[in-house]
Amino acid sequence: MVGNKFQLEDVIEAQQFDRETLNAIFEVAREMELVEKNTPGSQLLKGYLMATLFYEPSTRTRLSFESAMKRLGGEVLTTENAREFSSAAKGETLEDTIRTVEGYSDIIVMRHFESGAARRAATTASIPIINAGDGPGQHPTQALLDAYTIEREIGKLDGIKVGLVGDLAYGRTVRSLAHLLAKYHDVKIYFVSPDVVRMKNDIKDYLTSMGIEWEESADLMDVASKCDVIYQTRIQRERFGERIDLYEEARGKYIVNQDVFNVLQKHAVVMHPLPRLDEITVDVDKDPRAAYFRQAKNGLYIRMALLKLLLLGW
Amino acid sequence: MVGNKFQLEDVIEAQQFDRETLNAIFEVAREMELVEKNTPGSQLLKGYLMATLFYEPSTRTRLSFESAMKRLGGEVLTTENAREFSSAAKGETLEDTIRTVEGYSDIIVMRHFESGAARRAATTASIPIINAGDGPGQHPTQALLDAYTIEREIGKLDGIKVGLVGDLAYGRTVRSLAHLLAKYHDVKIYFVSPDVVRMKNDIKDYLTSMGIEWEESADLMDVASKCDVIYQTRIQRERFGERIDLYEEARGKYIVNQDVFNVLQKHAVVMHPLPRLDEITVDVDKDPRAAYFRQAKNGLYIRMALLKLLLLGW
Amino acid sequence: MVGNKFQLEDVIEAQQFDRETLNAIFEVAREMELVEKNTPGSQLLKGYLMATLFYEPSTRTRLSFESAMKRLGGEVLTTENAREFSSAAKGETLEDTIRTVEGYSDIIVMRHFESGAARRAATTASIPIINAGDGPGQHPTQALLDAYTIEREIGKLDGIKVGLVGDLAYGRTVRSLAHLLAKYHDVKIYFVSPDVVRMKNDIKDYLTSMGIEWEESADLMDVASKCDVIYQTRIQRERFGERIDLYEEARGKYIVNQDVFNVLQKHAVVMHPLPRLDEITVDVDKDPRAAYFRQAKNGLYIRMALLKLLLLGW
Numbered sequence: 679m680v681g682n683k684f685q686l687e688d689v690i691e692a693q694q695f696d697r698e699t700l701n702a703i704f705e706v707a708r709e710m711e712l713v714e715k716n717t718p719g720s721q722l723l724k725g726y727l728m729a730t731l732f733y734e735p736s737t738r739t740r741l742s743f744e745s746a747m748k749r750l751g752g753e754v755l756t757t758e759n760a761r762e763f764s765s766a767a768k769g770e771t772l773e774d775t776i777r778t779v780e781g782y783s784d785i786i787v788m789r790h791f792e793s794g795a796a797r798r799a800a801t802t803a804s805i806p807i808i809n810a811g812d813g814p815g816q817h818p819t820q821a822l823l824d825a826y827t828i829e830r831e832i833g834k835l836d837g838i839k840v841g842l843v844g845d846l847a848y849g850r851t852v853r854s855l856a857h858l859l860a861k862y863h864d865v866k867i868y869f870v871s872p873d874v875v876r877m878k879n880d881i882k883d884y885l886t887s888m889g890i891e892w893e894e895s896a897d898l899m900d901v902a903s904k905c906d907v908i909y910q911t912r913i914q915r916e917r918f919g920e921r922i923d924l925y926e927e928a929r930g931k932y933i934v935n936q937d938v939f940n941v942l943q944k945h946a947v948v949m950h951p952l953p954r955l956d957e958i959t960v961d962v963d964k965d966p967r968a969a970y971f972r973q974a975k976n977g978l979y980i981r982m983a984l985l986k987l988l989l990l991g992w
Numbered sequence: 679m680v681g682n683k684f685q686l687e688d689v690i691e692a693q694q695f696d697r698e699t700l701n702a703i704f705e706v707a708r709e710m711e712l713v714e715k716n717t718p719g720s721q722l723l724k725g726y727l728m729a730t731l732f733y734e735p736s737t738r739t740r741l742s743f744e745s746a747m748k749r750l751g752g753e754v755l756t757t758e759n760a761r762e763f764s765s766a767a768k769g770e771t772l773e774d775t776i777r778t779v780e781g782y783s784d785i786i787v788m789r790h791f792e793s794g795a796a797r798r799a800a801t802t803a804s805i806p807i808i809n810a811g812d813g814p815g816q817h818p819t820q821a822l823l824d825a826y827t828i829e830r831e832i833g834k835l836d837g838i839k840v841g842l843v844g845d846l847a848y849g850r851t852v853r854s855l856a857h858l859l860a861k862y863h864d865v866k867i868y869f870v871s872p873d874v875v876r877m878k879n880d881i882k883d884y885l886t887s888m889g890i891e892w893e894e895s896a897d898l899m900d901v902a903s904k905c906d907v908i909y910q911t912r913i914q915r916e917r918f919g920e921r922i923d924l925y926e927e928a929r930g931k932y933i934v935n936q937d938v939f940n941v942l943q944k945h946a947v948v949m950h951p952l953p954r955l956d957e958i959t960v961d962v963d964k965d966p967r968a969a970y971f972r973q974a975k976n977g978l979y980i981r982m983a984l985l986k987l988l989l990l991g992w
Numbered sequence: 679m680v681g682n683k684f685q686l687e688d689v690i691e692a693q694q695f696d697r698e699t700l701n702a703i704f705e706v707a708r709e710m711e712l713v714e715k716n717t718p719g720s721q722l723l724k725g726y727l728m729a730t731l732f733y734e735p736s737t738r739t740r741l742s743f744e745s746a747m748k749r750l751g752g753e754v755l756t757t758e759n760a761r762e763f764s765s766a767a768k769g770e771t772l773e774d775t776i777r778t779v780e781g782y783s784d785i786i787v788m789r790h791f792e793s794g795a796a797r798r799a800a801t802t803a804s805i806p807i808i809n810a811g812d813g814p815g816q817h818p819t820q821a822l823l824d825a826y827t828i829e830r831e832i833g834k835l836d837g838i839k840v841g842l843v844g845d846l847a848y849g850r851t852v853r854s855l856a857h858l859l860a861k862y863h864d865v866k867i868y869f870v871s872p873d874v875v876r877m878k879n880d881i882k883d884y885l886t887s888m889g890i891e892w893e894e895s896a897d898l899m900d901v902a903s904k905c906d907v908i909y910q911t912r913i914q915r916e917r918f919g920e921r922i923d924l925y926e927e928a929r930g931k932y933i934v935n936q937d938v939f940n941v942l943q944k945h946a947v948v949m950h951p952l953p954r955l956d957e958i959t960v961d962v963d964k965d966p967r968a969a970y971f972r973q974a975k976n977g978l979y980i981r982m983a984l985l986k987l988l989l990l991g992w
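Same order as they appear, the protein sequences are chains A, B and C.
Numbered per my numbering, the first sequence spans residues 679 to 992.
Numbered per my numbering, the second sequence spans residues 679 to 992.
Numbered per my numbering, the third sequence spans residues 679 to 992.
Chain A extracted, bound-state conformation (with noise of 0.2 angstroms):
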């Protein structure tokens, strides 16, 4: 990297990065790495502070932000529920929490369940925010630690076959992820969902408007057989109100189990956000081609690069 050329100020959204700057992070996370105890590296970010004001709990994402500040020597404030935090309680306007807060850290690690509120608290703050989910809309991190281990997975973007599978109407991640693999050249998307949570349009219309070829398909075994890339979601209940009919047809639907994973191919691998309940089945865990654990854990690695880009550059 040339100079300060990516200066990185926020993470906000999915569509934030161009394709240089997912290399460039990626090349750090890489760096991240090899970060070990009571080396340098491990004390990049001695000092800062990060605080996480999370207005509704997540814990798996909190823990990932914590474990990769604190694996880089920073220290950490916690706010694991920060709708106590005035703002709900006493009628505290974000604006004015994030100007307090700043205060008192170094970067702050947002989730909120209104979209959006992470652009506004980005436009109030003078230190760095990311974005850890704010309600329907993005959750970046996300995206960009799916990206980095389709890139570790399988050695490249470009070129990819990749098949969504699940929950693709509400599914935060897929829809992100889509807007990251556009990306990249030569990129195929296949889309398997049951009827009630197909991928809406105004995802298929970016792909179409970026050049990126998809289509749906109903025969998940098929679609297996021919991806680098299955991403299995879970169909999440809560979207389905009291329609726990239409809940309990769409989740059996598709499952990849043992089935699935014989008719993938020997260096294509299976990955999911988690949590999962019974859409991936635990025999298949084994299997090195389940990559699921590892990609959670190159979140770690993930936003130990955003941390030290956002906090000292490149």
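Don't take each hint at face value.
Capping the alpha-carbon separation at 35 angstroms, the derived lysine-lysine pairs in DSBU-like fashion look like this [claimed, not checked]:
1) LYS768/B with LYS878/C
2) LYS834/B with LYS715/B
3) LYS866/C with LYS839/C
4) LYS768/C with LYS964/A
5) LYS768/A with LYS931/B
6) LYS866/C with LYS931/C
7) LYS724/C with LYS724/A
8) LYS882/C with LYS834/C
9) LYS975/B with LYS834/B
10) LYS724/C with LYS975/A
11) LYS768/B with LYS931/C
12) LYS834/B with LYS768/A
13) LYS768/B with LYS768/A
14) LYS931/A with LYS839/A
15) LYS904/C with LYS768/B
16) LYS834/B with LYS866/B
17) LYS834/A with LYS715/A
Here are the computed distance ranges between Cβ atoms for each label pair [as the list claims (entries may be wrong)]:
18) THR959/B with GLU891/A: 49 to 55 angstroms
19) GLU714/B with GLU893/A: 33 to 39 angstroms
20) PHE791/A with ASN879/B: 44 to 50 angstroms
21) LYS944/B with GLU916/A: 43 to 49 angstroms
22) ASN716/C with ASP836/B: 38 to 44 angstroms
23) THR802/A with ASN935/B: 16 to 22 angstroms
Because the hints were derived from the structure by calculation, they are not lab data.
Please read all numbers here as calculations on a predicted model, not as lab measurements.
Don't be surprised by glycine CBs; every beta carbon is placed ideally from N, CA and C.
Since the structure of chain A is provided, determine the placement of chains B and C on it from the hints.
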């Protein structure tokens, strides 16, 4: 400072500080403003452990203390909801809890829902206790940061004119601040509040006994034009019970807006303990005389100073 | 200790320790009592990360572990309410959660509401697991600190007389302690409890099979005059359901007060796992034979020892 003259053992209430101690604390707070990452100052409290024992949540105050400790290289044990800590849940006394927690830490920052709890804790503990608010009682570090902010912004505390506005009956902060201001000379205090939340007689009598001039006024514009400091507070809805009508009436009565700023003297400032609702309009935030976010930041320096003084002495 | 003879991999239940291992752990705990701020010992676990995965709150136990880790220079990731951590909330299995969290940390301290959960976690994890209590099952670090306290206070475990008092049916601590005491010679145990919460036959049979003498007694004064250790426990109201009358009767039956201390031998001590209600009266706290707060503090040293042994070996 000469030797251990001001040996500070606990921080329990605003009244415990004489003028000389206040000045000494403010001097240390000024030094704390200069502590930078990776300088020796940032390691002053290395190896020390602070426990935040919060029986009611107060994220803002907790984060401020935890940031202060970590900025000085210390470590933190957090209990965001100490009511579960046996006391309420299993019937353990506060004294037993303190005797257990003092075995794990070097200093305890405690917030409690009962007036007098901090003093009871200090009587039991062999390590320093800081009162981070005990019910309707005291919140001494807020009073200290308020007085420190006046000194930083106006340059002195003697001879100042202060307008206390809003909820003067229940507002813990204005009551404590009045106590501290009484230690200085030639102070003049104006009380501006809706009838239902007027300043109570105990404070008025105390000020009179200390030779502090005060008057009540219903004319915020007049007071604003005369004062060095306008200290606005939030009308707390929870104080009005079912009388929402009284709350609504009280709430809208004295708003600090552009009109108030227009009559404010050039050197004057507006303060607020935060969080605010609409008692200060956001359009004045960018005016340099809006001091409330600087005030919040001063809380960090005051708490750093207290932690240093309680753990290392002068 | 010779080489890696006692390679400790996980801490799951009191029964896993033989006498030799117990002695070795107690030896390390003694060293831990001497660790001072800013000495090399205080940096033993620098760079190591401990995750506290608590599926039910236990502030006391959590703080003790977190203090232990930080006193040795390690860092902590905290989850005070891990039930929200997908498992309960979204249906993730404990195994999946463990496989994610082990990616973020070097050791996991887990408290769970289900008996056997810690063993399941240890089977899954490739990093050490410490059981900090799993439902009605085990709480091995409490048993270790209890035995360590007896050795520290009385000077030995062989040949001692111990009175276990209070809730012997449901009290996890007395059951685990009985298991540990059975590893020593010439131990005599007296059970003193209300009828409704008498010691169960499994423990009695186990003690008999191990050659440990025991008897039941209804005379606390007589037992107190004969024993080296009186181990008092709290009668847990939640065990009695709607039979508040039985609870009230059981609760007041055996109180350790000044009368009991009057018949206690000079070298004897009173212990309690805390929290206490009124089963030990506060007026005896100042008697040097009241060992319960020293016992709580010993929990810190035992946990420091275990963390050191699990992460660095002998």
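If any of the earlier hints don't hold here, list their numbers in rising order. 19 and 21
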